[in-house]
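K.L.:
Chains W and R supply the protein sequences, listed in that same order. Using the working numbering, the first residue of the first sequence is number 11, and each one after it goes up by one. Using the working numbering, the first residue of the second sequence is number 962, and each one after it goes up by one.
By construction, these hints were calculated from the structure, which means they are not laboratory data. Using N, Cα and C, we set each Cβ at its ideal position, and we do this for glycine too. Incorrect hints may appear among the rest.
Okay, the calculated bits of chain W under chain R, using three or more residues with CB under 8 angstroms as the criterion [said to hold, decoys possible]:
(1) 24-34
(2) 39-49
(3) 136-146
(4) 186-193
Next come the chains, spelled out residue by residue.
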Amino acid sequence: MSIDVDDDAPLVERLRAGDEAAFGELVRRYQPRLLRLAEMTVGSRAVAEEVCQDTWLAVMRGVERFESRSSFKTWLFRILLNRARTSFSREQRAGQPDEDVVERFDANGAWAEPPVPWADRVDDRVVAEILARRVRDLLPTLPDQQRQVVLLHDVEGLEPAEIAALLGISDGNQRVLLHRGRARLRSLLAAELDGER
Amino acid sequence: MIRWWRRRRRALVCRDAVALMTAYLDGALPARDRARLEAHLAGCPHCTEYLAQLRVTVATLGSVELDDLSDDAVDDLIELYRRWRQG
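Take the sequences, apply the hints, and build the full model.
P.N.:
Structure below.
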């Protein structure tokens, strides 16, 4: 589903004036995407729905002060990600090591532990479906910044400039976080497939 | 001799190749680095497999579908809006 963000401006104007129909239209546009982002951040559908509700409440309260310097979408996603992060209890992440996945290389920079091949097994539709289901559960285990960049880039398909504006990070930093997040997820998926053998 | 040395210097080791892969997949790698990476991949089955696994990872992330929005879900949020307006 692609959304022309330019179409949001008139709706946001009407919402400022207290137009309920405009609110409903924005909900129809964005709620499915908010729910997906929230669920992949907090790892629970029920909590994700609460986070979305909180986000819409923040929109109602804040829309008068919203300045159109950023797009409505960027503003909305920023609210959601902040709320999702604070509502995801720290205990749920306890035990998740926060250090990066370090691929194993020897002193010369060659593989010390080469990757066990599995990429071609994903041609099997069943294996692809297993991975697609598991990735929803695995994303919440990534460190905050890595998860946010991976979500916005690879799931939402936002442009690097939009992500940089949303998270307040540089392009270079963003690429590093994306690389680390993907590497970690790759190793988690590898472990999943190992268990399916 | 100089040409040989330059070629040696340009050759990537696996660790460097892996570090370039995210930019490579996103089409953000300068042409020179892209050529070096592709030369490395041509001779390295491990890095080729690693890149294939990264591709699968990114494709899997892109395949997470949106759930349909029920009328109830929309109505609940509109009701929330009404209550807020009245509150």
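K.L.:
Against each hint, give a clear statement of whether it holds in the structure.
P.N.:
Each hint tested on the structure:
1. 24-34: Holds: 4 residues of the segment 24-34 of chain W have a Cβ under 8 angstroms from chain R.
2. 39-49: It holds: at least three residues are needed, and the segment 39-49 of chain W offers 5 whose Cβ sits within less than 8 angstroms of chain R.
3. 136-146: Since 5 is at least three, the answer is holds.
4. 186-193: holds (count 4)
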